[in-house]
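Given the coordinates of chain H, work out where chain D should sit on it, guided by the hints.
The residues making up each chain are set out below.
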Amino acid sequence: MKKNLLFPILLFSAVIFSIFSFTNISSSSKINQLPKTNADKAGLTLPAGFSASIVADNTGEARHIAVTKEGDLYIKLGSAKGGNGILFLQDPDQNGRYQKKTGFADYSGTEVGLKNGYLYASSNTTIYRYKLNDKDEVTDPKNPEIIVSGLLDHGEHNSKSFTFDDQGNLYVNVGAYSNSCQEQDRVPGSMGMKGCPILDSAGGIWQFKIDKLNQHYGDGVHYAIGLRNVVGLDWNQIDNALFVMQHGRDQLHDLFPKYYTTKQSAVLPAECMYEIHKGDNAGWPYIYYDQIQKKQILMPEYGGNGKKTADKKYLDPVMAFPGHMGPNGLLFYTGNQFPEKYKNGAFIAFHGSWNRSPEPQAGYFVVFVPFRDGKPSGKWEVFADGFAGEKVVMSPGKAEHRPCGLAQGPDGSLYVSDDSKGTIYKISYKK
Amino acid sequence: MSNTSKDFAKENFITGVQQSKTTGEKIFKKYCISCHMADGSGVPHMNPPLIQTKYVLGEKEDLIKIILNGIGNVEINGETYTNKMPPLKKILKDQQIADVLTYVRNSFGNKAPAVTVTEVKAVRSKNT
Numbered sequence: 021m022k023k024n025l026l027f028p029i030l031l032f033s034a035v036i037f038s039i040f041s042f043t044n045i046s047s048s049s050k051i052n053q054l055p056k057t058n059a060d061k062a063g064l065t066l067p068a069g070f071s072a073s074i075v076a077d078n079t080g081e082a083r084h085i086a087v088t089k090e091g092d093l094y095i096k097l098g099s100a101k102g103g104n105g106i107l108f109l110q111d112p113d114q115n116g117r118y119q120k121k122t123g124f125a126d127y128s129g130t131e132v133g134l135k136n137g138y139l140y141a142s143s144n145t146t147i148y149r150y151k152l153n154d155k156d157e158v159t160d161p162k163n164p165e166i167i168v169s170g171l172l173d174h175g176e177h178n179s180k181s182f183t184f185d186d187q188g189n190l191y192v193n194v195g196a197y198s199n200s201c202q203e204q205d206r207v208p209g210s211m212g213m214k215g216c217p218i219l220d221s222a223g224g225i226w227q228f229k230i231d232k233l234n235q236h237y238g239d240g241v242h243y244a245i246g247l248r249n250v251v252g253l254d255w256n257q258i259d260n261a262l263f264v265m266q267h268g269r270d271q272l273h274d275l276f277p278k279y280y281t282t283k284q285s286a287v288l289p290a291e292c293m294y295e296i297h298k299g300d301n302a303g304w305p306y307i308y309y310d311q312i313q314k315k316q317i318l319m320p321e322y323g324g325n326g327k328k329t330a331d332k333k334y335l336d337p338v339m340a341f342p343g344h345m346g347p348n349g350l351l352f353y354t355g356n357q358f359p360e361k362y363k364n365g366a367f368i369a370f371h372g373s374w375n376r377s378p379e380p381q382a383g384y385f386v387v388f389v390p391f392r393d394g395k396p397s398g399k400w401e402v403f404a405d406g407f408a409g410e411k412v413v414m415s416p417g418k419a420e421h422r423p424c425g426l427a428q429g430p431d432g433s434l435y436v437s438d439d440s441k442g443t444i445y446k447i448s449y450k451k
Numbered sequence: 006m007s008n009t010s011k012d013f014a015k016e017n018f019i020t021g022v023q024q025s026k027t028t029g030e031k032i033f034k035k036y037c038i039s040c041h042m043a044d045g046s047g048v049p050h051m052n053p054p055l056i057q058t059k060y061v062l063g064e065k066e067d068l069i070k071i072i073l074n075g076i077g078n079v080e081i082n083g084e085t086y087t088n089k090m091p092p093l094k095k096i097l098k099d100q101q102i103a104d105v106l107t108y109v110r111n112s113f114g115n116k117a118p119a120v121t122v123t124e125v126k127a128v129r130s131k132n133t
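From first to last, the protein sequence lines stand for chains H and D.
Start counting at 1 in the first sequence, then tack on 20, and there's your number in our numbering.
Start counting at 1 in the second sequence, then tack on 5, and there's your number in our numbering.
Because the hints were derived from the structure by calculation, they are not lab data.
Please read all numbers here as calculations on a predicted model, not as lab measurements.
Idealized CB from N, CA, C, for every residue including glycine.
Honestly, I wouldn't trust all of these hints.
[To be verified] Interface residues of chain D toward chain H, partial, derived using beta-carbon atoms under 7 Å: (1) Ser39; (2) Pro91; (3) Ile96.
Pulled out of the complex, with its shape left as it was, chain H reads as follows:
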C-alpha cells in the first residue's frame, strides 16, 4: 500500500523541485550581473574621472590592436573570420562607434603594430608589413612584404607578439612549446630535459631589422633567453629598453603534489615583468620567481622542492604579480589626457587565469603600474575591472570579456580589446 503512494509523491516532488530550481537559476544569474548604474563606463569599474565606451563589438577573436593618428583602428584576429585576419575600422561620422569595417590578411596570429608608414602584423610563423598611404590606410592588402618567416609554431605558446624600438629593430616573442621543459610535457613527475634544447630556437626574444625582407632565425639576434612565453611587450622610451610580461609555468600541484598544495599552486609562480637587455636570461625552465618568498626558486623539474634556490642567479623581475593571470598586453602610456601619475607608467591587460582550479580564477582586468625614471615607483593597482561580468570566475569559458590588447589613441585615450566577444573599449579621462 505504501509502495503505491510513494511513487506519485516522489514524482510530484521531483516536478516541484525542478520548477523551483529553474526559477532559482534565472534569478541567481540576475544577481551575478554587474549593476548597470554607470552607463558611461560600459560595464567596467574605473577610477574617478574615467569613463569608457564600447567603440566596436562582435569583431571576432580580437587579440592586439593599433590606433592610427587619424583615430582609425587595426585589429589582429586570433583566427581569421571569413578570410580576414586583420580588420580596419573607421568612424567617418565621428559618432563614437566604428561602423565602417574592411578586412584582409587570411591568416591567424596575434600582433599588429604601426611603424614608419607601415602596418606590421604576425601570423604564428611570419611577420608581414603593409605599406600605408598618408591616411594610414593599407592600399594593397593582397601584397604584404615578408619581413621574417620560419618562426617555430608547435601550437603551444605560438603567439608571435612583437614591438619596435626607435633604432629600426623589432623584437619578437618565440614562446616555448612546452610548459616546463619536461621530458614529457605535463606528465605528473616527469623531470626536466637536460640543457633544455627548446631554448635554442624558442623560449626567448629575437631581434630583427624592420626594413629587411625575408629574414630567418639566422639573420636575427637571439636577444633574450629563458622566457617561457611573452604575449605582452613594449618599448620603454625613458629607459630605451624592452619590457616584457612573462606567462609563468602551470600546474606545480598537478605535476609535483609532494611539494605544492592546490592553494600554493594557484598563486605560484609569479607572472613577471622584466626589463630586458641584450643577452639577458630570465631563467625558464630552471627557476621561477616566487613573489611570496621574493626570490628565484629552483623548478621541481630540475631538482627543486619549493624552497631550494638554483646555483646560478638569473634575471630578477622588476615587478611580480600573482600567478596564472595571463598578462597579454603591455603598454607604456605616453599621452597627456590622463592625470600626471599615469605618464610613462605601464598598463597591463591580464587575460584571466585558467590554472587556478579548483580555486577561483583571477585576473580579467587591466592593471596600472606607476613608473618614475624608467622603473616602477609604487605598487600595482587595478585600473579597469569588470570585464568578466561576474564577481567570481570559476572557469574562463564563463567570463564575458577577456582583456587582451592595449593601444593608445591620438587623443591619449586607452583602447582595450577583448578576444572573447571581440568588444573594443575606449577609456578616457575628463577633469
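Coordinates of chain D only, in the frame set by chain H:
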C-alpha cells in the same frame, strides 16, 4: 565491491554504474579538473571542452586511447586547442580510467554508456 551472481546482475549493473560515476568524480577532481574545469568547459583555445563533443560521446576505444596516450592540437567546431594532454597510462589504473570516463560520459550534459574495466584492459593490451 564486486558481484558475480547472475540473479542480481541487472540491479547490480545499475548500482555498479552509479558507483563508477561516484568514484570517477573523485578521480576527475584530482587529475582532470585543473585543465578541463569543474564544469567540463575547458579553456578557450587551450584545453578542449568535454561537453557533448564527438570525442567524449563517440567510440569508447578512441576515448580510452586518449587517456592512455594523451593528445594534442585537438580541433572541435573549427577551434584548435593548443595545450597537450599528457599520457596517463602510467598514472591511472584500468578501473580508474573506466570510472573517470563513466563519470565524464554522464556529466556536463553528456549521456552515454558507461566504460567498463574489461573494455579498458582490452584497449591497453592492444595499445602499442
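A quick look at each hint next to the structure:
Hint status for Ser39(D): holds, given a least beta-carbon distance of 5 Å to chain H, under 7 Å. Because the closest C-beta pair between Pro91(D) and chain H is about 4 Å apart, less than 7 Å, the hint holds. Annotation: interface hint on Ile96(D) holds; nearest CB of chain H at approximately 6 Å, less than 7 Å.
When the structure is compared with the earlier hints, no violation turns up for any of them.
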